[in-house]
Amino acid sequence: MDENLQIERLKQGDKNALYFLYDKYSGALYGVVLRMCREQGLAEDLLQEIFLTIWEKIDQYDPAKGKFYTWAYRIARNKTLNALRKSDPLIQTDDLGVYKNVREEEDLQDYEMLNGMVRKLEAHHQKVIELIYFKGYTHREAHKLMDVPLGTFKSYVRQAIKQLRDHYPLAIALFLICIEVIENG
Amino acid sequence: MDRKTILEKGLLLPYLLDELDEKERLEVEKVLAEDAILKAELNSLESSFEKMALENAVAPPSSIRKRLEDTLGAAGTTPDEKVRSIRPKTGFDGTRLLVAASLAALFALTSFWFYSRWQDAEENIRLVREEQQQLQKSIEVLSNELQDVQQLNGLLADRDVIPVLMEGNRLSPEARAVAFLNHKTRSVLVNPKALPKLSTEETYQMWADVDGEMINMGLVPTDQDLVSLAYIEGAESLNITIEPKGGSEHPTVERLISNVYL
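Read top to bottom, the protein sequences are chains A and B. Start counting the first sequence at 1; every next residue gets the next number (UniProt numbering). Start counting the second sequence at 1; every next residue gets the next number (UniProt numbering).
Simulated from the structure, these hints should not be mistaken for laboratory data. Nothing here was measured: the structure is a model prediction, and the numbers come from that model. By construction, the Cβ of each residue, glycine as well, lies at the ideal position given by its N, Cα and C atoms. Possibly wrong hints are sitting among the right ones.
[To be verified] Partial list, computed: chain A residues near chain B (C-beta under 10 Å): (1) Leu29; (2) Gly116; (3) Arg165.
[Unchecked claim] According to the in silico footprint, chain A covers these stretches of chain B (three or more CB under 8 Å from chain A): (4) 6-15; (5) 29-42; (6) 46-57; (7) 62-69.
Let's have the full structure, built from the sequences with the hints guiding it.
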């Protein structure tokens, strides 16, 4: 299925195109939102809101600037963080202690376990990815949580990204190249 | 700002995560629009994170899609006809995707097959080379042995060759050596294999007695099958002595171990 074509259709107001994108990405986005807010009811409401926002704001998405999923992820992340700030006014402050207590003290839920290639990374690299991508912490918040200097944290990030890239196998690249060729050819 | 600064500061990920402030974001976007390498870097980063997110997907309850459909349906934004009119194209995309997937799989499998065949061939060539080297060595050893046997056989079959058995005296009762004399070709060969081993500081040396004078015929190392020595005209006897390493000009008569009159 050509995602670009579906996005074009979505821009023209085709609901089925939205459902196509929902079927493809709702799991990934729900995984992120649920890990960030750790509350199923809220996560479900947020997921619906996210796709409504995608429906309403798809005109603002510019494929030249990046992939659709990245754009959708940003919407998901911002909406979730805003919802968390609203639900607890303390989070609005910069007091990381409160922030940490609110979002880290509960027991780890089943769905929070990371899967796939990221599991193959070393523990501290996994933690970096988890904090900034799945928990929505900024670099500045995350390095304090991990109790390492910001410079060290940034080099962890760099190493983690490199390893992630190296881990994804050649077959996927070949597959993507073939699709690219056929789509453009 | 340029590519180098963005990469050094590690700004691509914060950009992807929407962490940058408005000013920084616009600056990064400006460079991205002009720099294909940086854009490729971002694409790769996006792909990695997208794959990772898909691997960590959690299936939402089906009720959410239903709620979404209800909400949008009530809004009535799109006429159904429009949706139907573009449906056939979706099927076409499916076929193309299938073709792409098949081609990719075929390509990957073929590559892998060729790679394994290549590795097998390399291994076979290596084994054949090793075997060939071993055969070569065996041939060399056999060839040397054959030469010795032929030489010995030649000596024994030659009617002009006189074998002389040299036995050890009381100094070395177990010593045995065979000298092959050929007066016609004026040559002497000795088989020293049955002489007892000496220390590394000593050697056997052979002498010919001519008119009461001992004349040097040469050293007799015991690690050879046949030792060629100097033929001495008019020799009356053959003698073997033990000498210091490297041999002597005059025989050490006290260490004479064998003496045979001709």
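Each hint, compared with the structure:
| no. | hint | in the structure |
| --- | --- | --- |
| 1 | Leu29 | 8 Å, holds |
| 2 | Gly116 | 3 Å, holds |
| 3 | Arg165 | 5 Å, holds |
| 4 | 6-15 | holds (count 3) |
| 5 | 29-42 | holds (count 4) |
| 6 | 46-57 | holds (count 12) |
| 7 | 62-69 | holds (count 6) |
This entry satisfies every hint, going by the numbered hints stated previously.
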